[in-house]
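**Q** Sequence:
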Amino acid sequence: MAAAPIRVLVVDDSLVFRRFLTRTLTADPAIEVIGEAGSAEEARAFVLGRRPDVITLDLEMPGQGGLEFLRQTVARLRIPTIVVSSQTQRGAKRTIEALEAGAVDVMPKPRGLAPGTADHLALSAISERVRAVARLNLPKTHRAAPECGAVSLAPAASRDWVIALGASTGGVQALGAVLHALPADCPPVVIVQHMPEGFTEAFARRLNTTCAIEVREARMGDRLSPGLALIAPGGKQHMVLRRLAQGGLVVDLEAGDPVCFSIPSVDVLLTSAARVAAPRLTAAVLTGMGSDGANGLLAARLAGAQTFVQDEASSLVYGMPARAWEKGGAMEQIPLDLMAAQLLASVGTTSAQVRTTAAPAPQFTQKGV
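Our numbering puts the first residue of the sequence shown at 60, with every later residue one more than the last.
None of these hints come from the bench; they were simulated from the model. A few of these clues could be false.
Unchecked claim - Here are the computed distance ranges between Cβ atoms for each label pair:
no.	residue 1	residue 2	range
1	Glu256	Pro88	49 to 57 Å
2	Arg301	Arg66	28 to 36 Å
3	Ala62	Val335	17 to 25 Å
To be verified - EDC-like mimics (lysine to aspartate or glutamate), calculated; alpha carbons at most 16 Å apart, straight line:
no.	residue 1	residue 2
4	Lys152	Asp72
5	Lys295	Asp244
6	Lys152	Glu119
7	Lys168	Glu256
8	Lys152	Glu256
9	Lys295	Glu276
10	Lys295	Glu273
11	Lys152	Asp112
12	Lys386	Asp370
13	Lys168	Glu119
14	Lys168	Asp72
15	Lys168	Asp219
16	Lys295	Glu313
17	Lys152	Glu260
18	Lys295	Asp316
Idealized CB from N, CA, C, for every residue including glycine.
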């Protein structure tokens, strides 16, 4: 018996774009667009009458607006929602707020709809995103954020340490929870969050207003320092770490092909961190679709780093953490609300001090990764 199609509601104030998105989605036989709405008011009436499986949502609409609709209606009904947003500064800021409010993914709205353009081709991947998010079982409530800087660093712990994190779908909320709990004197943090170009800067700015540590988008040549978190710019370059001859670590941004369909890639960051920072390295893969990070986390563990993944119960999407765990790259699976404490507890810990409950490391060489 064939599976029922995924029922999608398209919400956008542009009739031209609604029709374009509907054509794109209905080209996939697994998807049925059951309605279109040009305003939040129309969308609310539709959702209450015919509950869709997935919503695609424009935030910039007249009247109530997409963000308010998401907060007041969609999040309460727990309908997986993909934000299709403009890449302007205002659009990026509101998109981050939408992801914090419960949207599960974001795709940039194309500047033009001409076939074959980069924007057009990128949006064609929305069918794959819809199929993925339709399977999500969204939490009934969001976890309360820990007190800012609530986790403390052991006084004897080494400050010559690096924390490296990777995330995708659900990562805005997960990274927010982790970074919010870190103290101002924590080791430097480097992050890859899968996000389109133009949105990571807004994400970093948002975190910087709520965290005890400084958070910003990484720039070429940035030097790692305590109390600083650097987020890889979305969409164009990979972020790698490089050790200076005179000591210290800096960020390089390098052109390259996507790795695990992603640029920047968690694998690329973690592999470089394993090479230049381990064993004085703690790495974790958080919620997300796909397998990015599995190879890099294994490389980090084999180099002597402390390695963790977010557990299934607290992950919005238990994809990236599952692949990393199955590959043997993680010592333990950690609930999100304990992740910050676990990251800091591992600082200054050598491989000889790993607790006996840790999953055994795979018995093969780095070359075979």
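**Q** Now tell me if each hint is right for this structure.
**A** Comparing the hints with the structure gives:
no. : hint                       : result
1   : Glu256 - Pro88: 49 to 57 Å : violated, 31 Å
2   : Arg301 - Arg66: 28 to 36 Å : violated, 49 Å
3   : Ala62 - Val335: 17 to 25 Å : violated, 47 Å
4   : Lys152 - Asp72             : violated, 19 Å
5   : Lys295 - Asp244            : violated, 31 Å
6   : Lys152 - Glu119            : holds, 12 Å
7   : Lys168 - Glu256            : holds, 12 Å
8   : Lys152 - Glu256            : holds, 13 Å
9   : Lys295 - Glu276            : holds, 13 Å
10  : Lys295 - Glu273            : violated, 23 Å
11  : Lys152 - Asp112            : violated, 26 Å
12  : Lys386 - Asp370            : holds, 15 Å
13  : Lys168 - Glu119            : holds, 11 Å
14  : Lys168 - Asp72             : holds, 13 Å
15  : Lys168 - Asp219            : violated, 42 Å
16  : Lys295 - Glu313            : holds, 9 Å
17  : Lys152 - Glu260            : holds, 9 Å
18  : Lys295 - Asp316            : holds, 9 Å
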